[in-house]
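Chains as they are written, first to last, in my numbering: chain A, 1 to 372; chain B, 373 to 698; chain C, 699 to 1054.
Any given hint might turn out to be false.
Below, computed lysine-lysine pairings styled on DSSO-like, alpha-carbon distance capped at 30 Å [claimed, not checked]:
1. A/221 <-> C/838
2. C/804 <-> C/838
3. C/858 <-> C/911
4. C/838 <-> C/799
5. A/221 <-> A/90
6. A/221 <-> A/151
7. C/799 <-> C/862
8. C/728 <-> A/317
9. C/799 <-> C/728
10. B/514 <-> C/1048
11. A/35 <-> C/799
12. C/858 <-> C/838
Derived CB-CB ranges, DEER-like [stated by the list, open to error]:
13. B/378 <-> A/303: 41 to 49 Å
14. B/508 <-> C/847: 53 to 61 Å
15. B/527 <-> A/303: 49 to 57 Å
In case anyone wonders, no lab produced these hints; they're calculated from the structure.
It should be emphasised that the depicted structure is a prediction, and the values quoted were computed from it without experimental measurement.
In this text, a Cβ means the ideal position worked out from N, Cα and C, and glycines have one as well.
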Amino acid sequence: MKEDLVLPVPRQSDSGADSEPLLEVSGLTKHFPVKGGFPIRRTVGHVQAVDGIDLTVGVGESFGLVGESGCGKSTTGRLITRLLEPTSGKITYRGRDISHASRAQLAPIRSEIQMIFQDPYSSLNPRQTVGRIISNPMEINGIEPEGGREKRVRELLEIVGLNPEHYNRFPHEFSGGQRQRIGVARALALSPKLIVADEPVSALDVSIQAQVVNLLQEVQKELGIAFLFIAHDLAVVRHFSQRVAVMYLGKIIEVGDRDSIYTRPRHPYTHALLSAVPEVNLTDDDSAGRERIRLAGDVPSPISPPSGCRFRTRCWKAQDRCATEEPPLIQISGNHTGHLTACHFPEEPTIEARDEDIVLDPALAALEEGEN
Amino acid sequence: MLRFLVRRFLGAVVILFLLSIVTFLMFFGMPRDPALLMCGKTCNPQSLANIHHVLGLDKSVPEQYWIFLHNLVTGSDQFAQGPCPAPCFGYSYHTNEQVWGTLMDRLPTTVSLTLGGAVCFLIVGLGTGLLAAWRRGTLIDKAATAGAMVLSSMQIYFLGPLALAILVYQTHWFDKPAYNDFTADPFTWFTGLILPWVVLSTIFAAQYTRMARSSMIEQLQEEHVRTARAKGMSRQYVFFRYAWRGSLIPIVTIFGIDLGALLGGAIITEYTFSLPGLGQLAVQSVFFSDLPLLLGVMLFSASMILLFNIIVDACYAFIDPRVRLA
Amino acid sequence: MTTLTKEAGVPSPAGAGPLLSVRDLHVSFKTEDGIVRAVDGLSFDLMRGRTLGIVGESGSGKSVTNLTVLGLHNPMFTTVEGEILLDGQELTTARESEMEKLRGNKMAMIFQDPLTALSPYYTVGRQIAEPYMKHNGASKRAAWDRTVEMLGKVGIPHPKERAKDYPHQFSGGMRQRAMIAMALVCDPDLLIADEPTTALDVTVQAQILDLLKDLQQEFGTGIVFITHDLGVIADMADDIMVMYAGSAVERGTVDEVLRSPQHPYTWGLLNSMPRIDSALDTPLSPIPGTPPSLLNPPSGCRFHPRCTFQDRVSGSGRCASERPLLAPDRASACHLTAEQKRTIFIDEIKPRLGQG
């Protein structure tokens, strides 16, 4: 990693939730139709991939979106970059409603919102040189930077820690981590204000993953680019994001600044998620420790999600009310400002071990019962 | 399953309907008048108009199409040659015979040729392919692959006459290819068809060898096949139970297409060996601008292809439980 | 987390020697580009009822090693040298029919992706019953009963009915449970788990890991657990072996390796991994460079081109010329002196790992 980062256009601003919103999303919904029926095929149901979420990303802020597969985090990213058309809801970018903007209307904004994808192997055209790949967005948007596109590409290669001499190489000549750097350079080519990064490091080896995380963090901080960082790895999201939203079955169930989510979570699902992360305990004392919660089964199908609170079918605190009344995403008493939780019966704001583990998995419960 | 069949058969009817329209339009778009062929040397405008009237060609194209459809569904006794029960394609311009009857006369030849050939090329082709996959990388595999490569680049119009010249006319090892009715004398039926079978299946078998080999090799690298080995199942068991099941899908797909196409008329094979099947009929109908015969052969061939398409899709569901028919 | 203590678990049955013993294993493949030395001089032992965690990145040889133990490598393109002893029986030279009797019976394996690792063409029940019938000569009826029992044990609800379902009708977590049931149906002594939770969601992963630990207690299975995730290893294993470019670079108990690691590569791994309780707003310290090609591995210590400590080794160029050896038991394959390893870790590495 280069220490002295050359910054072309520094657009530093106070980051954080308090700053002016860059992106505002309200009631965002995406339902994918499920076809079936006889004799004429018709829509018989919907996969409720994203079902009414609100979120705000400030200028230069890094916002993390975590959740397990099927929670709708990737769909959210694709909706915000308008690779998908929202079913309903509103996406406002710098005060402009882009929820249903046409291609032509989106053109000026396209350059400001960029995306980085998970798979560094399939997201780069194998028949184009690195130079072509990175200069492509400039060409499409008719941008002619000072000193020419090639100079800019070389600059970008340097920023992402690649050798500018590799301008004429093809993607297959690079390793996975280097390819992801090319993806980052491509995203930076248009000096974006917002980058949606969908699992940008999940396909990489641990040692390489850290290189790319550091690069993204430098880019975010030094260039003042806002990030919507989508990942399933809670530790990576924590490392990268100032604010974090937790998604479950198409809904945001808890959102707040990093500390609130990771050390004072209130939603039972956030507790379960955090307790499930396997951790290396590097301290020499075995005291304290984290709580142990083992849920039962997998996430239910988003085609027919549970009524009321979507987590209730796997929740140890669920009561009748949870089935009938959907909990609103609000700041419950005891939370910091901006820490919102959607739960009728929130947990204590701590992740310390409890008196008794919560083991809902019947097989585990049975096996552990036998031991004691 | 029933739903699937009903839906697919309805779809097939729509396709056949569209195909008949296209055939009709193309026929009338051609700068050829079938009546001229029938008119002969002493042709004058009067007799030509007369023939046009007899064939119904003096009516407008939509009207003719409507009469065709009507006859097809209900039959007709308006023809000078005699009654024509449904499905009625009319009478051939050239032979004056009922088209449906002609089709049915020619069908046994094509079915005998095709099914016999298919049995041969499946057994030889798949057998060789499986053997090559089982002994991958050995001399057997290399020989099978090379042989299949050479044979599949051959053509029937080369191999057929060659085989005739050597095996029939020079050495007299085989009978001259001919179609004899199976019910009358199964033995001559067999001896008459054996050479066409051999030639047809040689070329197809090569293709199936390559396909079976490559799809088995691909399946053997599947993770679930490795899991089965990790459970201690023997190599034979894994080969025939796990890998074979998966490689059936591409094989069934191609086989369905091939069989449908062959049943619709193995044109070159039939021509090469002078077998009076549907393929010969197809060539004849085009040659003589014989509209009723052309429609009959076209729709019959298309029906065969569509039928086998449906059968193939139904087979998928039996092979792979993930496929749900709807 | 209240860990399940394994030490008190299973009394070691007959035979005090190691269950699995790998001695100086070399595995190489012939490819179009040349010979890939996937495993290059690897030795380790696994005792009964214990769990050995093998950590390494892609291309470290960890998966190849275990496919070789099961004899699932392709003999046409693979050369295997060295010894693999399972309960004293030599496996590298064993006949295929011998291996078939051991696989699924005495040693079993769980793969990473249960969707592709289970056959889509047969019911889950049939796939579990197959090895039981083969190895125990059980009747269909008895095998089916055993299958249903195993499915129940791994936590599949309504096992009687679900046994008749196909894998695609199961959810991801349920599939991996079925896979575990299949591996344990013959009560093997050795279970090799190759990244068994990498494809799963984190809450499901936690369930599966605990399930494996609990089942190990009940069955007394020795487990070789392969993963790239140090957190999972810390949770699962008794002993750790860190692999890099085809050989082991460090080994010891979980506490030894994670709390006082000695090898620069292990330091690098720990430093580059964000943890849920690590200090905030300090950049990670990645290992520079990329893993080497095994077609043409670096001379001497395989890690030296990426190592930031090689200039501290006495004797110039030693790292590039002389390959450091890995002693048995607690050890690391590095030319740094024991004292250097200790002080570098305490003074330079540990502070960067800072607890948050």
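Status of the hints after comparison with the structure:
Taken as a hint, the residue 221 of chain A and residue 838 of chain C pair is broken in the structure, with Cα atoms around 64 Å apart against an allowance of 30 Å. Simply put, residue 804 of chain C and residue 838 of chain C have alpha-carbon atoms about 21 Å apart, close enough for the 30 Å limit, and the pair holds. Proximity of residue 858 of chain C to residue 911 of chain C is assessed by CA-CA distance (about 25 Å); at most 30 Å being required, the pair is judged to hold. A C-alpha spacing of about 19 Å is found between residue 838 of chain C and residue 799 of chain C, which places the hinted pair at or below 30 Å, so the restraint holds.
Proposed proximity of residue 221 of chain A and residue 90 of chain A is supported: the alpha carbons are some 28 Å apart, at most 30 Å. At most 30 Å may separate the alpha-carbon atoms for a hinted pair to count; residue 221 of chain A and residue 151 of chain A meet this at roughly 23 Å. As the CA atoms of residue 799 of chain C and residue 862 of chain C are separated by approximately 27 Å, the hinted pair is consistent with the 30 Å bound. The suggested pairing of residue 728 of chain C with residue 317 of chain A is violated, with an alpha-carbon distance near 58 Å, which exceeds 30 Å.
Pair hint residue 799 of chain C plus residue 728 of chain C holds up; C-alpha atoms about 28 Å apart against a cutoff of 30 Å. Of the pairs offered as hints, the one joining residue 514 of chain B and residue 1048 of chain C is violated, with about 59 Å between alpha carbons and a cut-off of 30 Å exceeded. As the CA atoms of residue 35 of chain A and residue 799 of chain C are separated by approximately 48 Å, the hinted pair breaks the 30 Å bound. Our distance criterion of 30 Å between C-alpha atoms is met by residue 858 of chain C and residue 838 of chain C, whose separation comes to about 15 Å.
The beta-carbon spacing between residue 378 of chain B and residue 303 of chain A, approximately 26 Å, falls outside the hinted interval of 41 to 49 Å. The supplied range of 53 to 61 Å is broken by residue 508 of chain B and residue 847 of chain C, whose beta-carbon atoms lie about 39 Å from each other. Between residue 527 of chain B and residue 303 of chain A the Cβ separation comes to about 53 Å, which falls inside the hinted range of 49 to 57 Å.
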